[in-house]
Amino acid sequence: MATATARAEGGSARARRPRFDPLKALYLVAAIYVVAFLVFPLAKVLFETAGLLFNAERPLPETLIPYMMRITWNSIRLALITTVVCVAIALPLAIAIAKLRPPFRTGWTVLLTLPFITPPFISSFAVIILFGRSGVLTQLMEMVGIPGFPIYGLNGLVLTQVLHLTPYALLLILAGLQTVPKHTEEAALSMGEGFFGTMRRIVVPYIYPHILAGAVLVFLSSIGDVGAPLLIGGNYRVLPVEIYSNFVSFLGDDRIPVIFSAWIILITAFMLFFVKRLLDKTEVKHKARTETFTYDVPWLRRAATVVLTLVTAFFMLPYVAIVISSLGTVWASKLLPNAFTLANYQRALGDTQPILNSMFLVAVITPLCLFLAVMLGHMLRAMPKLRWFDYFTLLPFVIPGVVIGVGIIRAYSGVTLFGVDFTASALVLVTAVSIRRLAQTMRVMTAGYARIDQSQEEASWSLGASNARTFTRVVLPQMRPVLFAGAVIAITKVITELGATLLVYPPGWRTMPVYIFFYVSEGQIARGSAMGVLLILLVGVGTAVANLISKSRRAAT
Amino acid sequence: MAEIRIEHVEKRFGNVVAVHDLTLTIAQGELVSLLGPSGCGKTTTLRMLAGLESITAGTMRIDGQVINDLPPQDRNVGIVFQDYAIFQTMSVERNVAYGLEVRRVPVDERRRRVGEALELVGLEALGKRMPSQLSGGQLQRVALARALVIRPRVLLLDEPLSNLDAALRQNLRKQIRTIQRELGITAIFVTHDQEEAMSISDRIAVMNTAKMIQHGTPKEIYEGPRTAFVAAFIGKTNLLAARASVTAGETRLDAGGLPLVARSRDGVVSGEVWASVRPQDLRITAEPAADGGNVIPGRVSYLEYLGSLVRGELVSDAGTPFLFEVPNPQHAFVPGVGDRAYASVAPQAITFGRVEEEDRPILELVRQQVPVG
Chain B
1 MATATARAEG
11 GSARARRPRF
21 DPLKALYLVA
31 AIYVVAFLVF
41 PLAKVLFETA
51 GLLFNAERPL
61 PETLIPYMMR
71 ITWNSIRLAL
81 ITTVVCVAIA
91 LPLAIAIAKL
101 RPPFRTGWTV
111 LLTLPFITPP
121 FISSFAVIIL
131 FGRSGVLTQL
141 MEMVGIPGFP
151 IYGLNGLVLT
161 QVLHLTPYAL
171 LLILAGLQTV
181 PKHTEEAALS
191 MGEGFFGTMR
201 RIVVPYIYPH
211 ILAGAVLVFL
221 SSIGDVGAPL
231 LIGGNYRVLP
241 VEIYSNFVSF
251 LGDDRIPVIF
261 SAWIILITAF
271 MLFFVKRLLD
281 KTEVKHKART
291 ETFTYDVPWL
301 RRAATVVLTL
311 VTAFFMLPYV
321 AIVISSLGTV
331 WASKLLPNAF
341 TLANYQRALG
351 DTQPILNSMF
361 LVAVITPLCL
371 FLAVMLGHML
381 RAMPKLRWFD
391 YFTLLPFVIP
401 GVVIGVGIIR
411 AYSGVTLFGV
421 DFTASALVLV
431 TAVSIRRLAQ
441 TMRVMTAGYA
451 RIDQSQEEAS
461 WSLGASNART
471 FTRVVLPQMR
481 PVLFAGAVIA
491 ITKVITELGA
501 TLLVYPPGWR
511 TMPVYIFFYV
521 SEGQIARGSA
531 MGVLLILLVG
541 VGTAVANLIS
551 KSRRAAT
Chain X
1001 MAEIRIEHVE
1011 KRFGNVVAVH
1021 DLTLTIAQGE
1031 LVSLLGPSGC
1041 GKTTTLRMLA
1051 GLESITAGTM
1061 RIDGQVINDL
1071 PPQDRNVGIV
1081 FQDYAIFQTM
1091 SVERNVAYGL
1101 EVRRVPVDER
1111 RRRVGEALEL
1121 VGLEALGKRM
1131 PSQLSGGQLQ
1141 RVALARALVI
1151 RPRVLLLDEP
1161 LSNLDAALRQ
1171 NLRKQIRTIQ
1181 RELGITAIFV
1191 THDQEEAMSI
1201 SDRIAVMNTA
1211 KMIQHGTPKE
1221 IYEGPRTAFV
1231 AAFIGKTNLL
1241 AARASVTAGE
1251 TRLDAGGLPL
1261 VARSRDGVVS
1271 GEVWASVRPQ
1281 DLRITAEPAA
1291 DGGNVIPGRV
1301 SYLEYLGSLV
1311 RGELVSDAGT
1321 PFLFEVPNPQ
1331 HAFVPGVGDR
1341 AYASVAPQAI
1351 TFGRVEEEDR
1361 PILELVRQQV
1371 PVG
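Going line by line, the protein sequences match chains B and X. Under our numbering, the residue at position 419 of the first sequence is numbered 419, and the numbers go up by one with no gaps. Under our numbering, the residue at position 200 of the second sequence is numbered 1200, and the numbers go up by one with no gaps.
Just so you know, these hints were derived from the structure itself, not from any lab. Mixed in with the good hints, there may be bad ones.
Said to hold, decoys possible - Simulated coverage check for chain X against chain B, where a stretch passes if three residues somewhere in it have a Cβ under 8 Å from a Cβ of chain B:
1) 1220-1230
2) 1252-1263
Stated by the list, open to error - A few chain B residues that don't get close to chain X, going by computed Cβ distances all over 12 Å:
3) Ala25
4) Val35
5) Ala36
6) Tyr67
7) Met68
8) Val84
9) Ser134
10) Arg200
11) Ser221
12) Ala303
13) Leu336
14) Phe340
15) Phe518
Unchecked claim - Quick partial rundown of chain B residues pointing at chain X, CB under 10 Å, derived from the structure:
16) Asn55
17) Asp253
18) Ile452
19) Gln454
20) Ser462
21) Leu463
22) Asn467
23) Arg480
In this text, a Cβ means the ideal position worked out from N, Cα and C, and glycines have one as well.
Next comes chain X alone, as it looks inside the complex:
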């Protein structure tokens, strides 16, 4: 049970910066996800914590102890790998017992703890099996038991669910979360799947191009993205490039000829901004709604019926496509493809921020009308 402190950590491979100036504290018993696209430095960060990758600069501490120069053998952290990394020539029991044998735990205690660990992951009946006789989900649970049985200070999970199919993934994700809570173990979960990160984490650290962009609870990140990248990466959104001007307590946005009113944010911004409108915040009506919000007139270009909701695209008269969602389509107005319709959005549902250098690539995609997020 431990607290992890990552302070100004840098990792370079030759001239390539894999992790840049990362500072993050993970409290005891917390589960934090490192979330980002491939190559963002999330796995490298995890591997530095495990001692499998050297640290170029900065310090990493577990419970105040600097671990930078500690070899992986002496860190007492448990790792679960994407490809399971189960020892092929050993049975399930032998795999789980391996870390205890290394620690010279007496045979009786070893047997008891292996049994407990297998019970914890629900594999008590499969102890004698060889890895080749197990499914992917079972292998990953063996890996979890093997990592936990040594009572590690920290549990590191490197995309543990990526090789499993969808149903199993949700199931195991719940199991990992339950076990982690039960044991009160500090855990870091690396993933590129935003839904997975949202569902399992106490907090999420969003990374992109070697940097941590934002961290906070899933709710904070979803509702208050700090950059265009975070807005587009966490959940679906309509991202707009706009110019902002502040008048009388509200911010007026001009998104390529489309005027929008948004509620001003702290640290008032004006000039070049990005703006994000979530699909479910757009209300679709046949006539312009008269509740004083923003109204976007346009034509419906595309619809998909998904049962619990209908997802579609409305192209504004200025030519900007907007993704929208109509929940409970049985009881709501649903336009047809080619119909004229109006999308309205409340000022407080629009998030926006000043355009930083790192937002430019994604906004360039928006300008070219490439769908993002």
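Chain B with its partners taken away, still in its complex shape:
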């Protein structure tokens, strides 16, 4: 008794007991994975850079830093323009969809979110097909006397990134619009404010965090994009391209990828704190949505319908283009390809290796990402003292895929694991892509955990259940729909990953996006298009099946 009292006075932690807690062991496994394949590689890049900067034997060329600054400015300028254009399109579009309720809005929204399930560079080679020197739209424009514009460079990059990234901003802003309480708008209208005034003075300020989150997401995706700048950037060089081309080329300076990577880590890490605050603010924590107020103004609704239709049609152009291109032979300087054929699909399906590789990666990485996200999400919930770990899991959100690739290669080249050369096997691909996609899966899980009240676990403990039992019997069953959502996100994000894959893929491990990327950059656009269509179909069918399963499960319970 006396010892118990003495210990109590020293203060004791909650529920500490000597018994083995399997959950804690799993937290540890997940945390070690993140440290080993994310924190350590990034730290290694930073340390190596420090070494390179102060290496007297092999001094850096004097022009390197000014050159890096010029490239940095290119990256930032591109990202800023893309962000402004994306938000300028997404905000009015979201308001039109949510507030004016034009007909078929659900259908349009689904179409507009197609880029979620496609690799980012699909739109860039579609832009080449459409707006290239011999592109179909360039032809049309010249027929009516509008001169074409050069697409290789900043113009084309902005166009392709806007086509791909606008939906990300759109969905975040739409989610934000659903949080605006109906009564604030009714109050504004009752005081004589009109539609535009209410939007400008009430609604837009209310969803400011969501708009900002959308903007940041677009900005970071643009900064980290490597596929589009490689295909369509021309002489407009950006940071990820410099890293990639110096990494793969024998003529390149092997120090550049490391130094540039360290530089990107420094720039983007600054944004981490900001990004975390925004994400926490915009996360939907409450189950019940507030009702959305909609406006019944016929002429505005008609206008919204027209605009929405035109914008959706424009955003669908890339997909129409690659479908046509995939079915044609040569398509240049004409409205349609010379002839139609299925040969591209035969060849694409003949290349079973990239398809199998991609399916293998999805099959391995999806459960891996889910495991990591479920365990780390639960760890952050159960152990508030470890909340800072969330910054690590957010890192892949802000750091480009190529940088993660460089980090893992630098950290593990030459290392053998279980008798396998790490960087020459699928291991390197699995770790790089899983780490890259962990952030997205994590966000889904933490939002899911936030909806389960702490008292659920407390009730279970007080009834005598261990932590492990509480987790498997009380918490996990309530997470089931969230696990499905997380799996869908993981599947689509893994299958479309390019940045990290491009850097680390070992021989024999080309994935579908890599395959498409190489064919398009070699000018074999039709063949790449066919594989692109297959990829979209694969993800589309996969997502649809997952949705059906989760719906029927929900209906069953």
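Place chain X on chain B using the hints.
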């Protein structure tokens, strides 16, 4: 069935003291309420007993066993939460059976005990239902059955009625009290509702700003508040800041120019005091009453007719507002708004006490004529 001893318990969150030097004993089979405004430390105390919050200093015992370092799983206490905390993915039966499954109770016995527990709370017909098909009151009764079925040593109730509507609240409150008596289980009931605490408890512990201010039976606390806060928090009252002087066995109070005579209390006090006069102890008359009590002349500023009583406010000539109640208005004198009237109060109906540091905020409100209590 157990006795709870809380001895000099302290809880700090960083620099914030949530519970300060709390000592309280709860006898076997007793129901004690922890009553106080939000942030007073009552829920924290309950959570420390449940093992959901660590204890910074002091000891908590159940039946003599120190439970400070015991994890919640090993304490064998039943908790009922404000938000029910019913497991969403399990049926009513499965929820109630959960604690028995953990304890590896054989299936036959488990089924019998779940049935008994559901019968006890009147939900025997709803065992197969899912939580989403139940109302708030039903969910809270499931939670009660789930907490009781494991035969806990102690039942902890954390504002269990706060999310329910008024009629249901009274109904369930009675049911909780009946079940608790029937089983003879020791229970702690946390609430911020003084009426709820008065109605359900054997004893009440009033807490404010991390400290227990007073404890006793509802009657003791209502009739003999120890501080201005308790007087104002438990029931409605007129709180006055006054100066006291003792003469010839009575205490004379000077409440801002208003002289009052009160019966002296043990431990004679003089100097700066607070005084409390309950609204129902003020008798309202058209002419000054001649029975030798205190007479407060003034004007009626406000009246509300509530059927069984009329409640009103009389502003004394010195400018102090007094809340009064006239029971059975059908048979009693009721003044009109704006009328001149007299309020009289017997010396023994005035409670008072020396002003302590913790009384100052509430007396400051009285000075600014902000209504309290």
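Results for each hint:
A stretch counts as covered by a chain when three or more of its residues have a beta carbon under 8 Å from one of that chain; for the region 1220-1230 of chain X and chain B the count is 0, and the coverage is violated. For the region 1252-1263 of chain X, the stated coverage by chain B is violated: 0 residues have a C-beta nearer than 8 Å to a C-beta of that chain, whereas at least 3 were required. With a cut of 12 Å on Cβ distances, Ala25(B) stays outside the contact zone with chain X, its closest approach being about 18 Å. With a cut of 12 Å on Cβ distances, Val35(B) stays outside the contact zone with chain X, its closest approach being about 28 Å.
The Cβ of Ala36(B) lies farther than 12 Å from every Cβ of chain X, with a closest approach of about 32 Å, so its non-interface assignment holds. Non-interface status of Tyr67(B) relative to chain X is upheld: no Cβ of that chain comes within 12 Å, the nearest being about 50 Å off. With a least CB separation of 44 Å from chain X, Met68(B) remains clear of the 12 Å interface cut-off, as annotated. Its beta-carbon lying about 43 Å from the closest one in chain X, Val84(B) satisfies the requirement of being farther than 12 Å from that chain.
The beta carbon of Ser134(B) sits about 59 Å from the closest Cβ of chain X, which is more than 12 Å, so the claim that it is off the interface holds. At roughly 39 Å from the closest C-beta of chain X, the C-beta of Arg200(B) stays outside 12 Å, upholding its exclusion from the interface. Residue placement check: Ser221(B) keeps its beta carbon more than 12 Å from all beta carbons of chain X (closest about 36 Å). Remark: the non-interface label on Ala303(B) is consistent with the geometry, its nearest Cβ contact in chain X lying 42 Å away (cut-off 12 Å).
Listed as a non-interface residue, Leu336(B) keeps its Cβ farther than 12 Å from every Cβ of chain X; the least gap is roughly 55 Å. Here Phe340(B) stays apart from chain X, with its beta-carbon at least about 53 Å from theirs, past the 12 Å limit. Residue-level check passed: Phe518(B) sits 48 Å from the nearest beta carbon of chain X, beyond 12 Å. With its C-beta approaching chain X no nearer than about 47 Å, Asn55(B) sits outside the 10 Å limit, and its interface hint is violated.
Nearest Cβ of chain X to the Cβ of Asp253(B): about 51 Å, over the 10 Å cut. The hint is violated. Hint status for Ile452(B): holds, given a least beta-carbon distance of 9 Å to chain X, under 10 Å. Proximity of Gln454(B) to chain X holds as hinted, the smallest CB-CB distance being about 9 Å (cut-off 10 Å). Interface hint status for Ser462(B): upheld, as the beta-carbon distance to the closest one in chain X is roughly 5 Å, under 10 Å.
Because the smallest distance between the Cβ of Leu463(B) and any Cβ of chain X comes to about 4 Å, under 10 Å, the interface hint for this residue holds. Of the supplied interface hints, the one on Asn467(B) holds, with its beta-carbon coming within about 9 Å of a beta-carbon of chain X, less than 10 Å. Hint on Arg480(B) holds. Least Cβ distance to chain X is approximately 8 Å, under the 10 Å limit.
In this structure, the hints that do not hold are numbers 1, 2, 16, 17, in rising order.
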